[in-house]
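Number of protein chains: 2
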Amino acid sequence: MPATPTPHDTVNAAQSITRATIEAAASRIALHIIETPLIESPRLNDKLGIRLLVKAECLQHTGSFKLRGASNAVWSLDDKVTDVVAFSSGNHAQGVARAAASRGLQATIVMPKDSPAGKIEGTKAYGASVVLYDRYTESREEIGADIAAKTKAHLIKPYDDARVIAGQGTVGLEIAAQAAAKQAKIDAILCCCGGGGLIAGMSIAASDQIPGVKIWSAEPEFYDDTLRSLTSGEIQTADINQPSICDAIVTPQPGQLTFPINKQLLSGGAVITDRDALQAIATAFKHLKIVIEPGGAAALAAVLTGQYPQGASTVVAVASGGNIDKQMFQRALDEGPLF
Amino acid sequence: MPATPTPHDTVNAAQSITRATIEAAASRIALHIIETPLIESPRLNDKLGIRLLVKAECLQHTGSFKLRGASNAVWSLDDKVTDVVAFSSGNHAQGVARAAASRGLQATIVMPKDSPAGKIEGTKAYGASVVLYDRYTESREEIGADIAAKTKAHLIKPYDDARVIAGQGTVGLEIAAQAAAKQAKIDAILCCCGGGGLIAGMSIAASDQIPGVKIWSAEPEFYDDTLRSLTSGEIQTADINQPSICDAIVTPQPGQLTFPINKQLLSGGAVITDRDALQAIATAFKHLKIVIEPGGAAALAAVLTGQYPQGASTVVAVASGGNIDKQMFQRALDEGPLF
Numbered sequence: 030m031p032a033t034p035t036p037h038d039t040v041n042a043a044q045s046i047t048r049a050t051i052e053a054a055a056s057r058i059a060l061h062i063i064e065t066p067l068i069e070s071p072r073l074n075d076k077l078g079i080r081l082l083v084k085a086e087c088l089q090h091t092g093s094f095k096l097r098g099a100s101n102a103v104w105s106l107d108d109k110v111t112d113v114v115a116f117s118s119g120n121h122a123q124g125v126a127r128a129a130a131s132r133g134l135q136a137t138i139v140m141p142k143d144s145p146a147g148k149i150e151g152t153k154a155y156g157a158s159v160v161l162y163d164r165y166t167e168s169r170e171e172i173g174a175d176i177a178a179k180t181k182a183h184l185i186k187p188y189d190d191a192r193v194i195a196g197q198g199t200v201g202l203e204i205a206a207q208a209a210a211k212q213a214k215i216d217a218i219l220c221c222c223g224g225g226g227l228i229a230g231m232s233i234a235a236s237d238q239i240p241g242v243k244i245w246s247a248e249p250e251f252y253d254d255t256l257r258s259l260t261s262g263e264i265q266t267a268d269i270n271q272p273s274i275c276d277a278i279v280t281p282q283p284g285q286l287t288f289p290i291n292k293q294l295l296s297g298g299a300v301i302t303d304r305d306a307l308q309a310i311a312t313a314f315k316h317l318k319i320v321i322e323p324g325g326a327a328a329l330a331a332v333l334t335g336q337y338p339q340g341a342s343t344v345v346a347v348a349s350g351g352n353i354d355k356q357m358f359q360r361a362l363d364e365g366p367l368f
Numbered sequence: 030m031p032a033t034p035t036p037h038d039t040v041n042a043a044q045s046i047t048r049a050t051i052e053a054a055a056s057r058i059a060l061h062i063i064e065t066p067l068i069e070s071p072r073l074n075d076k077l078g079i080r081l082l083v084k085a086e087c088l089q090h091t092g093s094f095k096l097r098g099a100s101n102a103v104w105s106l107d108d109k110v111t112d113v114v115a116f117s118s119g120n121h122a123q124g125v126a127r128a129a130a131s132r133g134l135q136a137t138i139v140m141p142k143d144s145p146a147g148k149i150e151g152t153k154a155y156g157a158s159v160v161l162y163d164r165y166t167e168s169r170e171e172i173g174a175d176i177a178a179k180t181k182a183h184l185i186k187p188y189d190d191a192r193v194i195a196g197q198g199t200v201g202l203e204i205a206a207q208a209a210a211k212q213a214k215i216d217a218i219l220c221c222c223g224g225g226g227l228i229a230g231m232s233i234a235a236s237d238q239i240p241g242v243k244i245w246s247a248e249p250e251f252y253d254d255t256l257r258s259l260t261s262g263e264i265q266t267a268d269i270n271q272p273s274i275c276d277a278i279v280t281p282q283p284g285q286l287t288f289p290i291n292k293q294l295l296s297g298g299a300v301i302t303d304r305d306a307l308q309a310i311a312t313a314f315k316h317l318k319i320v321i322e323p324g325g326a327a328a329l330a331a332v333l334t335g336q337y338p339q340g341a342s343t344v345v346a347v348a349s350g351g352n353i354d355k356q357m358f359q360r361a362l363d364e365g366p367l368f
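Chain order of the listed sequences is U and E. Here the first sequence is numbered in this note's numbering, starting from 30 and rising by one per residue. Here the second sequence is numbered in this note's numbering, starting from 30 and rising by one per residue.
Be aware that one or more of the hints could be misleading.
Put simply, identical chains are the same to the list, so a pair is met inside one copy or across any two.
Here are the simulated lysine-lysine pairs, DSBU-like style, with alpha carbons at most 30 angstroms apart [claimed, not checked]:
id, residue 1, residue 2
1, K211, K153
2, K179, K214
3, K76, K179
4, K153, K76
To be clear, the hints were calculated from the coordinates, so they are not data collected in a lab.
Isolated chain U, as found in the complex (with noise of 0.2 angstroms):
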């Protein structure tokens, strides 16, 4: 795949994600991960006065829901392949390291190296060589494709790649199925959004399944270019010098794969600062029972602070991941629940 896909190419792959691709990944991936459960608490429904369905995907083997794209993009590779290359914050990381070991294959992973460092640790805990840059000054995007050229590794990309939006859509397949167990009517989806992998394979699978449901991204503050593209029909930058303890999800720009389906399949966002992330991290330590990082907690700090399609009564926050360090986790109790 090339560096940069012309467009022609981008509506090809784009159009190439459909339910029938996510349930092939499914079933690919089955093996390797587990299906997440779709929680709630009493409580905190009636103090929101709505019903708040959380997709818990922290508890994914790896600590986030990353290593379903990584699985199956590795799980998708040619029997030739012996090395994989990746560029991560820290989650597709982990992801594209266990997935590459659970096949055999040897990982290079290039981090930014103000990561959390339980990510750097779990990184190299899962078998992969990991490469640190300088994310204000160096790209990832050139490091990464360097190693890739150098060492023939195979590059799997975190969002841009149609085998890992794929992946991410089996989310979207558990959560409309999940709802349909539970006899719950699911009016809106909120989910975080990075690069918008999740959100977008997510988007496919359940608008699929969930008729008239309306899905909504969750971006941090000073990176809601998705929200902004959103708006203006084309892509738009954020500034990524602005400080953010979401480094999950500030990515520069939306994706070139990516960006297409979520203009066709959102209908809004939210945006939260970084105390609205704390406060949904403290908020499910205590109702929900969940480790959740700032990233992974925005989708939730979105409807905690009213922020969700106005007459939904039936709302469910994508959890994306729980891989938060001690010391961040601490602030979080100390700022304290929401409610």
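Dock chain E against chain U, hints included.
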């Protein structure tokens, strides 16, 4: 039901709990509980050298398994009952409060005044009246029986009640089905043990569905009354003046109904310290992304400290609850993970 069953009553009640009554309980409570996931961490498995599956019952509504037994008891009641009463350190309290509210009944809960603040707050939040008592100088059984006599409320005991034990037993049905779906052959199950209701019900279901499974209790230091009772063959008591952070499972002795069951179905037990529990909480934070309380961490702590049946390669630890205050969780994070 009399306050103290006669030996004849006890044998009959214990024998009345079968796979069929547990399956009936599962149907009765299905709409009031969630099926909690059986989660694992590949990294933790690598470190332990066994496959450890954790039944994350902390994710249950009200934050513990107690909702299962409470719901089975409440929804088994005659239509004429309007009030229920229970005594509990906090998890059965919240379970009964929530179950009563779901059927429109008024609940009065007798709680030790040194219960974690969050448990008292939660019990009130579910609409129950709370009566506090001193667990070192007063008998909760007597207070509960007095209230029951005065208000005509129906007493729902925390473990010496066949309906409650059958409700908790649904955890065992789920473990067996979920392990089968993962193609995992379970060698052993570790489960925390206070009065023994959860482990008794779970053991009836699990030993029926998983041939050859070994089941061990996990108890806090000083409160290993079930293990000592199993060893001696007779009910032994604990010194309730000893300190323990495992508030959910510091009971004075095994139950009259639960012990005959546990004596028949358990093959051993583990004893864990406060420090083991804190390290297990931190390990669950790091690797499993769940929030567990000290008592709910006992089984995990046992496995992490190598206390499980020799030769077992696939082990389940039941994480029974997650109702922990912020201060205690911070203490666990400061203690740090064992792996």
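Verification of the hints:
no. : hint         : result
1   : K211 to K153 : between (39 angstroms within a copy, 27 angstroms between copies)
2   : K179 to K214 : neither (51 angstroms within a copy, 44 angstroms between copies)
3   : K76 to K179  : neither (56 angstroms within a copy, 33 angstroms between copies)
4   : K153 to K76  : between (42 angstroms within a copy, 14 angstroms between copies)
Checked against the numbered hints given earlier, the structure breaks hints 2 and 3 and satisfies all the rest.
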